[in-house]
Amino acid sequence: QKEVEQDPGPLSVPEGAIVSLNCTYSNSAFQYFMWYRQYSRKGPELLMYTYSSGNKEDGRFTAQVDKSSKYISLFIRDSQPSDSATYLCAFIIQGAQKLVFGQGTRLTINP
Amino acid sequence: DSGVTQTPKHLITATGQRVTLRCSPRSGDLSVYWYQQSLDQGLQFLIQYYNGEERAKGNILERFSAQQFPDLHSELNLSSLELGDSALYFCASSVGDSYNEQFFGPGTRLTVL
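Respectively, the protein sequence lines represent chains Z and E.
The numbering used here numbers the first residue of the first sequence as 1 and each following residue consecutively.
The numbering used here numbers the first residue of the second sequence as 1 and each following residue consecutively.
Just so you know, the hints here were simulated from the structure itself, not pulled from any lab data.
Here the structure is a predicted model, which is why all the values come from computation and not from measurement.
Heads up, some of the hints might be wrong.
As the list claims (entries may be wrong) - Simulated crosslink set (DSSO-like; lysine-lysine; CA at most 27 Å straight-line):
#	chain 1	residue 1	chain 2	residue 2
1	E	K9	Z	K42
2	Z	K70	E	K57
3	Z	K70	Z	K2
4	Z	K2	E	K57
5	Z	K56	Z	K42
6	E	K57	Z	K42
7	Z	K42	Z	K2
8	E	K57	E	K9
9	Z	K70	Z	K56
10	Z	K67	Z	K56
11	Z	K2	Z	K67
Claimed, not checked - Covered by chain Z, per the in silico footprint, the following chain E stretches (three or more residues, Cβ under 8 Å):
#	segment
12	48–62
13	69–81
Claimed, not checked - In silico negatives: residues of chain E with every beta carbon more than 12 Å from chain Z:
#	residue
14	L11
15	I12
16	Q17
17	Q44
18	S86
19	L88
20	G107
Ideal Cβ positions, reconstructed from N, Cα and C, are used throughout, including at glycine.
Model the full structure from these sequences, guided by the hints.
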């Protein structure tokens, strides 16, 4: 079983739609939960970061973590064409250094 | 712009050759991380250096090696290259040696023919 499962998509939605991106994980030692955004031909950039179960909001973005189900989500409200990118979930074990990434979901927002 | 620089942007070489990828971290960051991104494996952690010392190792092949110099820039050396080594190689940097936000560079695209 893979440590992290993420639907690679591609996912294509109209502008203004609510987008839901999801990852499941199997490693109970994961303590920090992140979402990275990667534009084409660029490096990943940190979008959201949390370490507890529940919701964390930042503008149009909401990160949700359910540790009991080992499931994390990223919601994008009022999606814009500029949100078109690959979104990667990432995890880290407390005290460790390496990030463990999902495969990434390619998202396209159509004007 | 993350402040992390990587050179070269693109590299095309032949099987069996050796290449060196270079990374300069953000000013003030002591940790450098190397990641490999391929279509089938996704983004995989290779190795981390903190202030010149190796701190963590991931799925790095024996044909690959890295080092961090006193000025904190880092180099990733890839030798006896195989077709399967074709990938994007990213460097990231962070302030400390335990988890802090990692800032990624633009990557080096390696093509092995």
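Each hint tested on the structure:
1. For the given pair, K9 (chain E) sits about 11 Å from K42 (chain Z) by alpha-carbon distance, which is consistent with the 27 Å threshold.
2. Distance check on the hinted pair: K70 (chain Z) and K57 (chain E) sit about 25 Å apart at the alpha-carbon level, within 27 Å; holds.
3. Under the criterion of a C-alpha separation no larger than 27 Å, the hint pairing K70 (chain Z) with K2 (chain Z) is consistent with the structure, at around 13 Å.
4. Straight-line distance between C-alpha atoms of K2 (chain Z) and K57 (chain E) comes to about 19 Å, which keeps the hinted pair within the 27 Å bound.
5. For the hint pairing K56 (chain Z) with K42 (chain Z), the CA-to-CA distance comes to about 26 Å; that is within 27 Å, so the pair holds.
6. With a CA separation close to 24 Å, the supplied pair K57 (chain E) and K42 (chain Z) stays within the 27 Å bound.
7. In summary, the hint linking K42 (chain Z) to K2 (chain Z) is supported, as the alpha carbons are separated by about 26 Å, within the 27 Å threshold.
8. Distance check on the hinted pair: K57 (chain E) and K9 (chain E) sit about 24 Å apart at the alpha-carbon level, within 27 Å; holds.
9. A C-alpha spacing of about 16 Å is found between K70 (chain Z) and K56 (chain Z), which places the hinted pair at or below 27 Å, so the restraint holds.
10. Taking the CA atoms of K67 (chain Z) and K56 (chain Z), the gap is near 14 Å; set against the 27 Å cutoff, the hint holds.
11. Between K2 (chain Z) and K67 (chain Z), the direct Cα distance comes to roughly 17 Å. Compliance with the 27 Å bound is thereby established for this hinted pair.
12. Only residues whose beta carbon comes within less than 8 Å of a beta carbon in chain Z count, and the segment 48–62 of chain E has 4; three or more means the coverage holds.
13. Closer than 8 Å: that is the beta-carbon criterion, and the segment 69–81 of chain E has 0 residues meeting it against chain Z, so the requirement of 3 is violated.
14. Listed as outside the interface, L11 (chain E) is consistent with that label: its C-beta sits roughly 15 Å from the nearest C-beta of chain Z, beyond the 12 Å cut-off.
15. Non-interface status of I12 (chain E) relative to chain Z is upheld: no Cβ of that chain comes within 12 Å, the nearest being about 16 Å off.
16. Separation of Q17 (chain E) from chain Z is adequate, the least Cβ-Cβ distance of about 24 Å exceeding the 12 Å criterion.
17. A beta-carbon of chain Z is positioned within 12 Å of the beta-carbon of Q44 (chain E); the least distance is around 8 Å.
18. For S86 (chain E), the shortest C-beta to C-beta distance to chain Z comes to about 16 Å, beyond the 12 Å cut-off, and the non-interface label holds.
19. With a cut of 12 Å on Cβ distances, L88 (chain E) falls inside the contact zone with chain Z, its closest approach being about 9 Å.
20. Consistency note on G107 (chain E): stated as away from chain Z, yet its beta-carbon is not over 12 Å from all of that chain's, at 5 Å minimum.
Consistency with the previously given hints fails for numbers 13, 17, 19 and 20, ordered from lowest to highest.
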